[in-house]
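As they're listed, the protein sequences go chains A and B.
For the first sequence, the numbering used here begins at 1 and goes up steadily by one.
For the second sequence, the numbering used here begins at 1001 and goes up steadily by one.
Hints may be right or wrong, so weigh each one.
To be verified - In silico BS3-like links for lysine-lysine, alpha-carbon gap of 25 Å or less:
1) K51/A with K85/A
2) K103/A with K1110/B
3) K1110/B with K85/A
4) K1063/B with K51/A
5) K51/A with K1110/B
6) K103/A with K85/A
7) K82/A with K1078/B
FYI, nobody ran anything at the bench for these hints, they're computed from the structure.
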Amino acid sequence: MSSAVGDARIRLPDRIARGDAVIVNSIISHPMDTGFFRTAEGQPIPAWFIKNVVVTYGGQEIARFEWTSGISRDPVVSFMLKADKEAPLTMVWTDNKGSTFTKSVDVTFASA
Amino acid sequence: LEVTVPFGQPFNRRDFVRAASLVAVGLAGASGVSASERLLAVTAVTGLRDPEVPNEEIARILKELFGSRPIRSGDKSKMALDMPAVAEDGRVVPVIIESNLPMTPENYVKAVHLIVDHNPDPHLAAFHLTPALGTVSIQTRIKMKRTTWVRAILETSTGEVWADYARVNVTLNGCG
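Here chain A stands alone, though its shape is the one from the complex:
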């Protein structure tokens, strides 16, 4: 993946009706280094990984994930959401160096 560390995407279904159970797909660009590897020159590569993901919907925390470097590079996570209001869905990824990366999408209902 050629994107910069922290570039993130959240994908929702194109059309959502109030009350739908929708799948939320997310991905963030991050090396997720374990700290166990070395460079070709023999230098250790320090651990650098997303350790915490907070998901809010309309400002309310609805999920929180605690991760280790055992999650694969460029972490993906999908989960279900009960779309019961038109509001922003926000994910904040925090890595072990203290950097935070934020992405937000709006849950909006298709007019029938």
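Following the hints, put chain B in place on chain A, whose structure we already have.
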């Protein structure tokens, strides 16, 4: 080969061999079919399909997370862990976790823990959930060092603990 056992789960060949050997032991010690049926019933209750706890680290993780609460398994509607039987690249192994348990304010799945027995950091992830999600269905991708059992264990807001297990054969070490 699929055999239906009293608790209603499909049996694979591996479990069948284990069950058959246990039944054989029962037959050696007692006479008649009733003894073997009794033994089979007991092993079903205690989790015939559950992997053994391989070492003290896993035992400590399970104890810290769930204390003395029983970790129940064998009901895919309560907890289902879906992983490939063979992972050619241990750096990227897909994981699907699903549960049909309710997600209401009175009773919901509040956390799902993912434990990979022989990884350097076995307690790989914890997913803390709320009723706002509506449904438990989580997908991600993990690293695996070598062939081992993976444990997905959930706890509900009322204190129930349900697990499902997957044995994954890893061809390429994904952890270094």
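Hints versus structure:
Proximity of K51/A to K85/A is assessed by CA-CA distance (about 29 Å); at most 25 Å being required, the pair is judged violated. For the proposed pair K103/A and K1110/B, the alpha carbon gap of about 24 Å is at most 25 Å, so the pair holds. A threshold of 25 Å between alpha carbons decides the hint, and for K1110/B with K85/A the separation of about 22 Å falls inside it, so the pair holds. With a C-alpha separation of about 22 Å, the suggested pair K1063/B and K51/A falls inside the 25 Å cut-off, and the hint holds.
For the suggested pair K51/A and K1110/B, the alpha carbons sit about 19 Å apart, so the restraint of at most 25 Å is met. Among the hinted pairs, K103/A with K85/A is consistent with the structure: their alpha-carbon atoms are about 19 Å apart, no more than 25 Å. The suggested pairing of K82/A with K1078/B holds, with an alpha-carbon distance near 19 Å, which does not exceed 25 Å.
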